[in-house]
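Novice: Residues per chain are reported as follows:
Number of protein chains: 2
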Amino acid sequence: MTAFSRSSLEELLKKRFFYAPSFQVYGGVAGFYDYGPPGCALQSNIIDLWRKHFVLEEEMLEMDGAIITLADVLKTSGHVDKFSDWMVKDVKTGDIFRADHLVENVLETRLDGDKQAGLMTENDATSQKDKKKKKGTVQAIDNYTGKELGEIISKHNIKSPETGNDLTEPVEFNLMFESSIGPTGHLKGYLRPETAQGQFLNFKKFLEFNNDKMPFASASIGRSFRNEISPRSGLLRVREFTMAEIEHYVDPNNKKHARFDEVKDVKISLLPRHIQSEGKTVPIEMPIGEAVEKKIVDNETLGYFLARTHLFLTMLGIKYDRLRFRQHMPNEMAHYACDCWDAEIQSSYGWIECVGCADRSAYDLTVHTNRTKEKLIVRESLAKPLIYEKTVLEINKKIFGPKLRQSAKTVEDYLTNLNEEQLEALKKELEDGKTMVSCADGNQYEISSDFLTIQKQTITEHVREYIPNVIEPSFGIGRILYSLIEHVYWTREGDEQRAVLSFPPRVAPFKCLLVPLSNNLAFSKLVCDLSSKLRKLHISIKVDDSSNSIGRRYSRNDELGTPFAITIDFQSVQDGTITLRERDSTKQIREKTDTILQVLKDLVEEDVTWEEVLSKYPIFVQQELD
Amino acid sequence: MTAFSRSSLEELLKKRFFYAPSFQVYGGVAGFYDYGPPGCALQSNIIDLWRKHFVLEEEMLEMDGAIITLADVLKTSGHVDKFSDWMVKDVKTGDIFRADHLVENVLETRLDGDKQAGLMTENDATSQKDKKKKKGTVQAIDNYTGKELGEIISKHNIKSPETGNDLTEPVEFNLMFESSIGPTGHLKGYLRPETAQGQFLNFKKFLEFNNDKMPFASASIGRSFRNEISPRSGLLRVREFTMAEIEHYVDPNNKKHARFDEVKDVKISLLPRHIQSEGKTVPIEMPIGEAVEKKIVDNETLGYFLARTHLFLTMLGIKYDRLRFRQHMPNEMAHYACDCWDAEIQSSYGWIECVGCADRSAYDLTVHTNRTKEKLIVRESLAKPLIYEKTVLEINKKIFGPKLRQSAKTVEDYLTNLNEEQLEALKKELEDGKTMVSCADGNQYEISSDFLTIQKQTITEHVREYIPNVIEPSFGIGRILYSLIEHVYWTREGDEQRAVLSFPPRVAPFKCLLVPLSNNLAFSKLVCDLSSKLRKLHISIKVDDSSNSIGRRYSRNDELGTPFAITIDFQSVQDGTITLRERDSTKQIREKTDTILQVLKDLVEEDVTWEEVLSKYPIFVQQELD
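As given, the protein sequences belong to chains B and R, one line each in that order. Just add 6 to wherever you are in the first sequence, counting from 1, and you've got my numbering. Just add 6 to wherever you are in the second sequence, counting from 1, and you've got my numbering.
What the hints contain is simulated information worked out from the structure, not anything from laboratory work. Hints should not be assumed to be uniformly reliable.
Stated by the list, open to error - From the structure, some residues in chain R lie toward chain B, with a derived Cβ separation under 10 Å:
1. Gly34
2. Val35
3. Ile74
4. Ser186
5. Pro293
6. Ser552
7. Ser555
8. Ile556
Note that CB positions come from ideal geometry on N, CA and C, so glycine has one too.
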């Protein structure tokens, strides 16, 4: 098999309009892409399968929310303060660079350069040490603060790449696109950086829709935005992208999953923290059941989604040995996450995060509850009431008010905010009759024991209130789409010009090519009839009645990844038979139209394989057409 | 039948979370809505049917483009200058109103008020005249300029509604959301107001993908944005909405459509200009073939899409008698359109535009070609070459350059930009040997007849170049969705509390409810098995195993518009039969599981009707459950 060539693939993707830079006739803008017909259909099919595999399979509550998001929401979620990258400027030209990427590129180039120049020999201890240092910096590049990046830049004497000028200290750049809502100009909004927040805000409505039953999941598919400092790597790092996100809400005390048994034997590749911290990158393979049992993966629900994600990706055509699940190191997690596993897919750009499976804990629901006072919580009726002792405070209003007068409210606020421990301490202080308390207004107030009572009470709770934890599998559709294309791309033995994209039938942009042998009028009616029949079967087709040779037309559709082709020739007109060609093997069968249509439907729905078809129907051999 | 109550419907839509204001826990922002599970599924189904009905049916080239659009693109398209509404401010409070809506509301309220106060009697000529004037103003409200609106406000003494304060003169407010791209802050972008521009920019790539064959269509489904001054009318006027747009490219000399014959007998309701200008609103009904023949609808392609749109909307469940196609009056068309028909759907908000079918002529492709110099044109090989005479200019470089020196370029630019008529005039002037020309730099230059030759030449063209015209059917999915809900909403005879949404099966958010009679464990396994079988058939289900009565659970799903329900009871456990209930009739049949599943699949795909099922299987009668 020929070695992979990214430039050849890119040439193909451009030629067949899988995708292209947006506004290209205006020169384009980095990080924006338009999906042409095959890319758009491929994306639709991936989304459709995602919806079937996740949403319909588990009756998830799908929603479709606003993209423009009120600034307040994202302030609360932490995105306004923390969703940013570090940038540095060329002090003379003003050119802007993303600090971590710049450091990474420069150090990697230097490592390569040193290697090529033969500077590093086994015996050269100093350069070995230096090499190790550079490598360490590159590996940890995601984890540095702005200050640290500044120090690295100065230590390694990194300059503006084109001009050699000095660089400024790193400054923070928020990655959200900002806009303003309505005619006043005063109401700020951002384009959402994820669909998750929109889901969290609707938690109460979801829970009600679900008849108050826990656990359950919401889901959303849609566009999100990230104003990257310097987009790169094609579809892998863009400013506008389609995400599919699941928020699975669980009881923090019970992260079991009812359907875990169905997936427990699914084997997946894991790269847990302890392996990474040994500096190793070879994953371990094991059934997810074992991984959860051994606590490598924290709980069943997280494990369930890792396995389901694995099944989804491999069903699309992602190669098993180019897929791994890597656990985040503690210092690389997003501000909201308490554990996180990335599904990483290997492509010519390296191992790239395509799905993040994060345990966001109760973070988001808690911050929104605190901010809005709208309780995003679960109330669970307890079969057996919960009985326990609690230290409680009771204020003697008759004395308290008149004695403290205008300050009563301030002191009351102070007291009601004390926790049990603090109440016990206060009780002790009051044994002497009087004590001073320091309140929020900065003043001290004297209170005496007759102002209040502090005592143990027996509490009986019939309802348990809790903020659920959230397990979030979040899919970057564009990244999956590009990685998939690399995985299914190959060229025919002995002819590098003849490229093929071997998408599985359900994923392929178009299912069937329809080619009349020539422009002969006798064929037109047949093409028309067949098209109509195929549409009724919901099989998406491409008719190619151009004057190119049949071989040329087959090749063109191999490049589009169209798995099947029906050819209409003179025999078709005579006896109503047509041929069905399969893309990868290029083998054909010839049968009556109705038989072919049934076979095709089964193939497209992946109810039978081409091998099974060939074992049932004779191969049709005809002169090589080209 | 009970009279329609919008507030009851709204209550239902809120209770069942069809949609709700976005960021509601933060107080919400006008014009933004989140679709909950049933709304989201309904929207998906409408989009899915749209894609099958339009894109797959005609092999349209679907794309998915960037939402953020380079400002330059929208400057060229005219949106930066012309996509705006007029607003007025309360001079004291600064409150902002959309001028036309304010005028409309105030005048309508006054008309109503006058009527109620009995001020207008048949005999009162003055008030009759005044009434007519007000009505005329309201009817023409879409067509006024800012200046005219200002005059109307002052003439009718319209004040700020809440405060009674004066209003400012109308000022223009651009309806696009603005943002900036990248870290410099200098690159301006807008959120697209339509998907169309993204399609136009890719015209060359589409044409190539289509093997240079004309005519063809591109299509796109996605979010667009409009920063409304004061959003209102629920889903009908929002700031963020999903559109589905088709751009059908045709030869301006041939707007025939190859498949027009398939739709020519489709009868639709038309409200052409001539009827409207007579002040009438009763549409005429006729087959689209006749409408095109009589030139009521300009051409076959436009007619084809009106008919196809009619078929699509009625298939969704839009009522025939509440759908009409209204032609735009010349002064109400968008800046790019040369003819336009709106599919208007009647709801409690009146007749609302839900689909616009515009002939955008060559406008967009022309302006982008002129601006970018990237030719968005078609090159057609002519079977018979085109031969004609043309006046052409040839410059005698040997004399021209040396004589005019530094000014040669300026004069050459002037000359090469002359059209045939101007060239003939120049030729005449040069008969005297010399003449003066006024160039772009403001100077006059003397040129003599030996500088150049102007003569008739015979031109033979083998290729015809033209900019295609664009017929654009543009669908507002949210408006269609809301109107549809109104059309299928009703309450059961004698019980207004029992509401039903009679979505056709293919459109319904969920296809089948699965209800075990009780929480009995014997039912759980059956529910599990059946769920899994239904999912394999791609039938979306909702399991309701809550402790509510069966009747209550049926009602809840009638409100969700779920067309079918399967009930599992003790007999199911014994003999493997289950009952199938249909939503509208509430009738049931009882058969073996496999039979029911097959019947259900056929019903969901609308291959059979419930009436047909009832004619084949006996009705199952059981005690009324409630």
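Novice: So, for every hint listed, does it hold in this structure?
Specialist: Hint check:
no. : hint   : result
1   : Gly34  : 9 Å, holds
2   : Val35  : 6 Å, holds
3   : Ile74  : 6 Å, holds
4   : Ser186 : 8 Å, holds
5   : Pro293 : 22 Å, violated
6   : Ser552 : 5 Å, holds
7   : Ser555 : 14 Å, violated
8   : Ile556 : 15 Å, violated
Hint compliance for this structure: hints 5, 7 and 8 are broken, all remaining hints hold.
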